[in-house]
Amino acid sequence: MLELQQLTKRFNRKAAIDEISLTLKQGEIVGLLGPNGAGKTTLIRIINRIIEPDSGTIRFKGDLMQQKHLAFIGYLPEERGLYKNMTVEAHAHFLGALRGMTKKDVNTALDYWLNKFDCQSWRKKRIEELSKGMAQKVQFICTVLHEPDLLILDEPFSGFDPVNVELIKQELVEMKAKGKTILISTHNMRSVEEICDRVILINQSKKILEGRVSQLQESLKTGEYAVKFRGTMIAFVNALWTGFELIDKEILGDDRYIARVKMRGDSSFEDLLKVLIGQVKIEAAWEVLPSMHEVFIQAVNNEQKVEA
Amino acid sequence: MRNSWIIAMRELKERIGSRSFILMALFGPIIVLTMTYLLFVLGGKEQQNWKVLIVDPANVMEHKIMANEDPNVKYAFATNYIEIEDFAQNPDYVDYDAMVEINEKILSNKSSFLFYREKPSFNMSVSIRYHVERRLEEVLAEEFTKLSANEFRKIKQPLNLGFRNVYDPTDSSSDLGGWVGMFFGGVIFVFIFLFGMTILRSVSREKSNRIVEVLMATVHPRTLMLGKIVGIGLSALLQFSIWLILIGAGLYFFRESIFIDMYDASNVAAGQASDYNQFVELVFERIQFSSMLTYFMLFFIVGYFFYGAFFAALGAVTGSESDGQQFLLPLIAILIFAMYAGYFVLNNPDSSLSTFYQYLPFTAPVVVMVKLAMGYAPGEGYQLFVSLLILLLSAIGVLIIAGRLYKNGLLQFGHSVRLKTIISWLKMK
Chain A
104 MLELQQLTKR FNRKAAIDEI SLTLKQGEIV GLLGPNGAGK TTLIRIINRI IEPDSGTIRF
164 KGDLMQQKHL AFIGYLPEER GLYKNMTVEA HAHFLGALRG MTKKDVNTAL DYWLNKFDCQ
224 SWRKKRIEEL SKGMAQKVQF ICTVLHEPDL LILDEPFSGF DPVNVELIKQ ELVEMKAKGK
284 TILISTHNMR SVEEICDRVI LINQSKKILE GRVSQLQESL KTGEYAVKFR GTMIAFVNAL
344 WTGFELIDKE ILGDDRYIAR VKMRGDSSFE DLLKVLIGQV KIEAAWEVLP SMHEVFIQAV
404 NNEQKVEA
Chain B
22 MRNSWIIAMR ELKERIGSRS FILMALFGPI IVLTMTYLLF VLGGKEQQNW KVLIVDPANV
82 MEHKIMANED PNVKYAFATN YIEIEDFAQN PDYVDYDAMV EINEKILSNK SSFLFYREKP
142 SFNMSVSIRY HVERRLEEVL AEEFTKLSAN EFRKIKQPLN LGFRNVYDPT DSSSDLGGWV
202 GMFFGGVIFV FIFLFGMTIL RSVSREKSNR IVEVLMATVH PRTLMLGKIV GIGLSALLQF
262 SIWLILIGAG LYFFRESIFI DMYDASNVAA GQASDYNQFV ELVFERIQFS SMLTYFMLFF
322 IVGYFFYGAF FAALGAVTGS ESDGQQFLLP LIAILIFAMY AGYFVLNNPD SSLSTFYQYL
382 PFTAPVVVMV KLAMGYAPGE GYQLFVSLLI LLLSAIGVLI IAGRLYKNGL LQFGHSVRLK
442 TIISWLKMK
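Chains A and B supply the protein sequences, listed in that same order.
Going letter by letter, the first sequence gives residues 104 to 411 in the numbering used here.
Going letter by letter, the second sequence gives residues 22 to 450 in the numbering used here.
Just chain B, same shape as in the assembly:
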């Protein structure tokens, strides 16, 4: 064990000193943060400032629209008819971004048009529709009822029909949550693949520069393999921690500065709570980062050992650094399949195939992340631990088998890998 640790520490030092490690530690979080930012901005509220001309010849609205001014929309009224071409070309109207046509029939047919120069953002269109509708409600209440505007609104409210899972009536989980699980599972597999490839390269490099013979004359091959997997795994964890800190700090910065208005109480009070970006809400409000991260770490570590043993064995049986590509392909295919399994579970969380994928060690890390993010139904939480146990036992089994391949393959050089040779090495003492 002591020797495994010495080997792991050497491996860790070499990784940390390498240029690729430093580049990945910097650019990984930058890419993730940039993508998050883009998702926030594209799906969220753009800082549009509009001037809107309300053409109201019948003076239905009586030059009134909002009690409190919206800082992003300024309204002006015209009581004469304005043709669309006129609005489009007349320099008098050049300052206005849009024109709303209100005519006397609006109270009966409830339809109107807004002509814009540039397409409004989703939020801008919601705001304008909301402002105009509120004012019309006041007019309608006054014209046809004896109710106050507020009483009228209470009656008029549309039906809000929410779709909920019978086992999750509070809607604590959702498809969106599932996508977050998918993201976490994806991160696990990206890390497993990247650092698995590092194991593969490191083993075949040790093999090709022949230091492996000195090492094998000093420590047991299994000690050597374990040390290597642990060392590179530690560098992966370190890399991941750097990601976590940088991305965490970035998200905190976003929340405190760029997206602060989304948490403004007046926005929520104005009825826009459901309008702002679901993604922002998801990232800041819905994900239970603490439990996600705990299980993420567990499945990350055990899944890494499970797959790492495959990569180590593959590195040991290759004849040269470039060899073994044909055996790498099935491994990549399995990794991609695992991602697909996660997607499948996202869409069919309760199918029996999903349960199977959850227990299959190859797919477990991503599937469990998806299921966890979507939420386990009461009484089904044990599945997570069964899955973890199966994965752990499989990892130990694979490590033992890989250890044998490692031992018998390491000192074979210049051959091309065949399944037959691999099987004979597996049988060898």
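Just chain A, with the same shape it has in the complex:
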């Protein structure tokens, strides 16, 4: 769907994007992660042809990216903006027309989305009459109105309440099922874990990590396990003896705990379960994988250590 090769962009000799290459396949949701100032927005703007790269190429569906391809892309910038004195409907018609939609198509699509978000009554309202959250929804609708093949969303969840965050997530998953490609730039790591197939991590204008979410978590796991049990902490610790090491515990109340344990020597997960059975009542046990938040922080820290 989208292929970036060796993209570089400098502002006043300082690289904002340094030889970044990446590929987005059809029907996947990719998270673009990175600390503030890493170059995410610059990269997104280059893809949208707002900024020209100094070097490198972009291919869209196999062709070199051109102005005409923008009609197949939906872009939601981080800084949201709409004309305050224009109605929701007028916005849809204006932006739809710029992307080559007919009036009829715009009306059909607008009906669909307003119904979906349960906001038919906003149709004739001016943006200044809407709350900030409502305007955000309108902006989202305007981004997806022309059913773009590639959706680029910069912090799509910021400004939404949890209910609407879930709603947007559902929509994105549905669009993915329809074969749309979605690139999300965000700091919201939980949403990355929940909906992204792959992530690309950028730091200091370079790509430092790329992979499937599960792979990245796997690669950074530390061999920790968690056990949720009912009983006493003394019985639990005694059972561990020398083969295992208690790292952390969480008291849940009603004599229930979650304990995090690390293996010593050749001990395995099965060994752990064996020694515990009969000592405490096990309710659940699982391997602890690092969260994307931890993956993110570790990758950035590693990068900084390498540079130092």
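No lab work stands behind these hints, which were simulated from the structure alone.
Check each hint, because a few of them may be wrong.
Stated by the list, open to error - Lysine-lysine pairs mimicking DSSO-like chemistry, simulated, CA-CA at most 27 Å apart: (1) 117/A / 441/B; (2) 272/A / 219/A; (3) 448/B / 309/A; (4) 177/B / 207/A; (5) 34/B / 228/A.
Since the structure is predicted, the reported quantities are computational estimates derived from the model, not experimental observations.
Following the hints, put chain B in place on chain A, whose structure we already have.
Same frame as chain A, but now just chain B:
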């Protein structure tokens, strides 16, 4: 091009819906018409009705003055001496607005006085002088010659020495015409300034409410800029058309109702043709509105694109809506200078500096209007087209340069504008 048009239409709709557009469409013509009316009235004939007492103890005029009565002046005669104080205070004379003193010496020294209570209008004084003089001519002819009054008048007529340009012997143009050009040029610049400011505000508003990023991800910045300039330009043209219709209708109404007597044949026949307001004559008779308006439109449109690109670029490079004032000042100074250039050309139409101003794109719209209204000398009409061509090419050049600034400046926020940054954006790809 299609997208530029969509953007232009959105801009046009927004302009037409705005309160300032409607207010300007109404009050602009009202102000122009009021000023025109005042110029007509102040420079023209006031509806004064006078009663004049001719004090003629020697009975020189024999109680006669006009064969046909002037509806605005009524004469009465007195054959006794009346002192000025007496005339001023005696209730018998209160009805008279003025007193003309005629004594026996008038036939030799040809001088007399009129004492008025309120200063007569220019036309009233011309009328009275004309009436008294005509009657005295009859008396003089009878007294000293054997000629009839008409024959005497033929001999007596003063020399009328007209000053004419050797290249324009029919006097089809004049300084007054030049002022009309100045007016048209002024209208161009007022519109360019007002709607240029609209471009500036509209661009910086789009910038500050950040919709510009969505637009730039959809259309090319140059398309965006062109659409904006065209849209606001169309609203300017629409505004101007409304002005034209309202002012045209107003002038027609003036001519048909209020100033109708100025076209009365009897007034002209009575020898007053040169007395009535030159301004009225200028507006209704002298200006060739059709050719003026055609070139006005051409220079208006091209000049608007030329200056509009500057305003758009300025809007794009400002960091916030209030920023960029220091760069607005030179632009205003240039606009004022252009008006001065028009004035200069009005006074020195044939100087080489005038030709330079005519070709300089910054001053061309107003200068060409002045030159056009004053009339091009035969064989010099091509200058107008050369000027238009230079202006057109400059406008295209400025649009290209402004497009680059527009592209590189639009997504820069919160900075203060410096010449250095502008130059670096100009160099940027």
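Each hint tested on the structure:
1. A hinted pair counts as satisfied when its Cα atoms are at most 27 Å apart, and residue 117/A with residue 441/B qualifies at roughly 18 Å.
2. Only pairs whose Cα atoms come within 27 Å are accepted, and residue 272/A paired with residue 219/A is accepted, the gap being roughly 13 Å.
3. At roughly 26 Å between alpha-carbon atoms, residue 448/B and residue 309/A fall within 27 Å of each other, so this suggested pair holds.
4. For the given pair, residue 177/B sits about 86 Å from residue 207/A by alpha-carbon distance, which is inconsistent with the 27 Å threshold.
5. Between the alpha carbons of residue 34/B and residue 228/A the distance comes to roughly 17 Å, so the proposed pair stays at or under 27 Å and holds.
When each numbered hint is compared with the structure, a violation occurs for hint 4 only.
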